[in-house]
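Asker: Here are the chains, one letter per residue:
Number of protein chains: 2
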Amino acid sequence: MDIELDSVIVRFGGEIGIKGEWTRRRCQQLLLRNLMSTLGQRKLVPKAITQKRGRIYLRTTKAKTTALELTKVFGISSVSPARQTSSDLKAITETTLEIAQTQVDNEKGFAIRCRRVGKHPYSSMDVCKELGKKILERLKNRNLRVDLVNPDIIISAEVRDKQAYIYTERLQGPGGFPLGSQAKVVVLLSGGIDSPVASWLVMKRGCPITPIYVDNTPFTDERTTDRALETAKKLFEWAKGFPRKTYIIRNGQNIQRIKEKAPKRFGCLLCKRLMYRIAERIAEREGAEGVVTGEAIGEQASQTMHNLRVLDDAATKFPIHRPLLGFNKTEIEKLARKIGTFEISTRRAKGCMAAPLKPATKAKLEMVKEAEEKIGITEMVEKAITTSETLDLS
Amino acid sequence: MDIELDSVIVRFGGEIGIKGEWTRRRCQQLLLRNLMSTLGQRKLVPKAITQKRGRIYLRTTKAKTTALELTKVFGISSVSPARQTSSDLKAITETTLEIAQTQVDNEKGFAIRCRRVGKHPYSSMDVCKELGKKILERLKNRNLRVDLVNPDIIISAEVRDKQAYIYTERLQGPGGFPLGSQAKVVVLLSGGIDSPVASWLVMKRGCPITPIYVDNTPFTDERTTDRALETAKKLFEWAKGFPRKTYIIRNGQNIQRIKEKAPKRFGCLLCKRLMYRIAERIAEREGAEGVVTGEAIGEQASQTMHNLRVLDDAATKFPIHRPLLGFNKTEIEKLARKIGTFEISTRRAKGCMAAPLKPATKAKLEMVKEAEEKIGITEMVEKAITTSETLDLS
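Sequences listed follow chains H and F, in order.
Read in order, the letters of the first sequence are residues 16 to 409 in this note's numbering.
Read in order, the letters of the second sequence are residues 16 to 409 in this note's numbering.
Simulated from the structure, these hints should not be mistaken for lab results.
There could be a bad hint or two in this list.
With a straight-line Cα cutoff of 27 Å, these simulated DSSO-like cross-link-like pairs (lysine-lysine) come out [what the hints assert, rightly or not]:
#1 H:K249 to H:K123
#2 H:K384 to H:K260
#3 F:K377 to F:K349
#4 H:K377 to F:K123
#5 F:K34 to F:K105
#6 F:K123 to H:K384
#7 H:K79 to H:K377
#8 H:K249 to F:K344
#9 F:K279 to H:K332
#10 H:K344 to F:K105
#11 F:K134 to H:K123
#12 H:K58 to H:K87
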């Protein structure tokens, strides 16, 4: 049987650590709030919490489950399920021996690492030497060896003031900044592979999101809508404690009008410029500071560097943020898998049936604007906003 | 001695492969041109070139060096130094045996992979079986075993029409699109860690770059300038055959004026809005389609989601592209190392001495605009452009 782990070490040094005092404290507060929301929703509320600079220590009977859950909290760089003891060297040694007993197999090479903050009658090096020696002595019959270069297992002791934590495992968190440390953004979420990844990347840097799904029915079908809402729900799993408001825009009639009245090759550009405008209106209403899209350079005809400029022209009040600009498709897919949206985004659904066969890759802005005049773009935006619906994806 | 490798397989399927016929052909042409420029500059011109769908095959006496050089050509997904032979199964077998002879050590597990395009009197499976059998027979005394799950070495045969290529190594290229397949952009290159990485990411998606270095002397020093120009040179190593024009903007007097006449907390925002304006003017002159910066959400006070909106407002004709928006600092550093700019960007240099102690993190746009009025922003841009210099970093 494994020794009972009773604690979790939560690390958030990195970029948060180098901020000024005020920002750092605010980030830590937010991180703690988000961490508590996440654990609260999973019924994993810790028994005690100790805050230190760059660390939060949790006491819990479910250390492993808790640690795993926290790898989904932005701002956390890593977590370790651990066993807590006092900073007395004897106590550290006994706890470490108990852990070694269950964790280090015969014939294995091991290393001891120690990190120490506070005043203690020993150095980190003393701890490493003592623990290494005692493990070799006590587990003599296992034929172990110290291997600092390429160990099979690393046993770490983190001594912080009057406490010490012994652990063998470190799980990566997403890093970045706590959700809510940056202003809110609206995201154009299609449910395809890209837009959820783009959303996740800005969330990782601290921005809460309000998704906007533009529903092109009858040029798509309800499977496409389902897919989009499912990806939104998946993203909100990374945003415990934050509002889950999502906008749905009815766009079918608009597309019908574009198809009837505008040059075919401009179809996607006109549709996207329309979406940008709608997104700006919603950003304004929601008090958001930007519009996020999943565009990557060259991925589609509407995403040539030239056409991105034609698109950008439609946004006048908010920046259009495209976090995937420089990503290759394989890189986007890899992230989508990590986030958990890939499986949803690749479900069978009807693609947009209105996309032209030969879209413009180098559209003339003046001609696009002329076409917008003709289809009555302002009125289209207005109607989209008044007929928009919101869902609470709880 | 190793068997002499006489060929390189260049792969560029992926995103290029799924484009329409016209775009695909254009990408392949560009890729070939860029590949030839790269090899030409290194005196590695191949003896013969065979183009096929998704592949370019090179004949060369320096297969390994050539392959390594090509991992720096955008659009190439991977390369393999190889030995060419005919598609006759006996020839394939003999060549494979020669390679196995020198490459497969005693007691090792090996796997055979075969990829076949064209008409042949055998299937890929036939090739694998035959090669596996013959290797086990001929190298009997080495005590080898076939291991398809976790092999120590993979020997691959790629049969394409009348040729076959045998190889054991696959080097990753950057993928993306060939440089020049997208419109040119100007990049605000500071020489710090971020902006070269941002530049590289848009290059990877096909955009040639024209760097703009804004020289803040006397608020920085010549080491800062050197650093910026060195990173530009490093980026141009990824752009063989493309112009190496770089702009230098003298900005010292402008900063002096901002320091004297504007609220201190707006310093960086005013400086950045000024740079955006200058960059737009140069983009126009250069026929570029966008401005690229190294900004990442929250990295600095001027890069809060709120302030990015304040900055964006200054660009009126071109999109501001920020490929690093959603990156963590550690992720940026990792890429910088791969690109080769990290070592340069972290050399000791004087940071900007004009940055305020307490910069605004949530500046009011109206107040920033007022401050610009007062410092005479239009005149500052005009002067920066007329006194700008260009360098050819060849």
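Asker: Verify the proposed pairing of K249 of chain H with K344 of chain F, using a straight-line Cα cut of 27 Å.
Answerer: holds, 25 Å
Asker: Quick one, are K134 of chain F and K123 of chain H close enough, alpha carbons at most 27 Å?
Answerer: violated, 53 Å
Asker: Hey, K377 of chain H versus K123 of chain F, does the alpha-carbon distance stay inside 27 Å?
Answerer: violated, 55 Å
Asker: Please work out if K384 of chain H and K260 of chain H have their alpha carbons no farther apart than 27 Å.
Answerer: Judged against 27 Å, a Cα distance of about 32 Å means the pair is violated.
Asker: Below or equal to 27 Å on CA atoms is what counts here, so check K249 of chain H against K123 of chain H.
Answerer: With Cα atoms ~41 Å apart, K249 of chain H and K123 of chain H exceed 27 Å; violated.
Asker: Under the criterion that the straight-line Cα-Cα distance not exceed 27 Å, is the pair K34 of chain F, K105 of chain F satisfied?
Answerer: violated, 37 Å
Asker: With a cut-off of 27 Å on the C-alpha distance, tell me whether K344 of chain H and K105 of chain F pass.
Answerer: Violated. K344 of chain H to K105 of chain F sits at ~39 Å, over the 27 Å cutoff.
Asker: K58 of chain H and K87 of chain H were given as a pair; does the straight-line alpha-carbon distance stay at or below 27 Å?
Answerer: This hinted pair holds, its Cα atoms lying about 16 Å apart.
Asker: Tell me if the straight-line CA distance from K79 of chain H to K377 of chain H falls inside 27 Å.
Answerer: violated, 53 Å
Asker: Given the hint that K279 of chain F pairs with K332 of chain H, does the C-alpha gap stay at or below 27 Å?
Answerer: OK: K279 of chain F and K332 of chain H at ~26 Å, within 27 Å.
Asker: So if I understand the rule, the pair passes when the alpha-carbon distance is 27 Å or less; does K377 of chain F with K349 of chain F pass?
Answerer: Status violated; Cα separation ~30 Å.
Asker: Between K123 of chain F and K384 of chain H, is the straight-line Cα distance small enough, at 27 Å or below?
Answerer: Between K123 of chain F and K384 of chain H the Cα gap is close to 66 Å, so the pair fails against 27 Å, i.e. violated.
Hints 1, 2, 3, 4, 5, 6, 7, 10, 11 from the earlier list are contradicted by this structure; the remaining hints agree with it.
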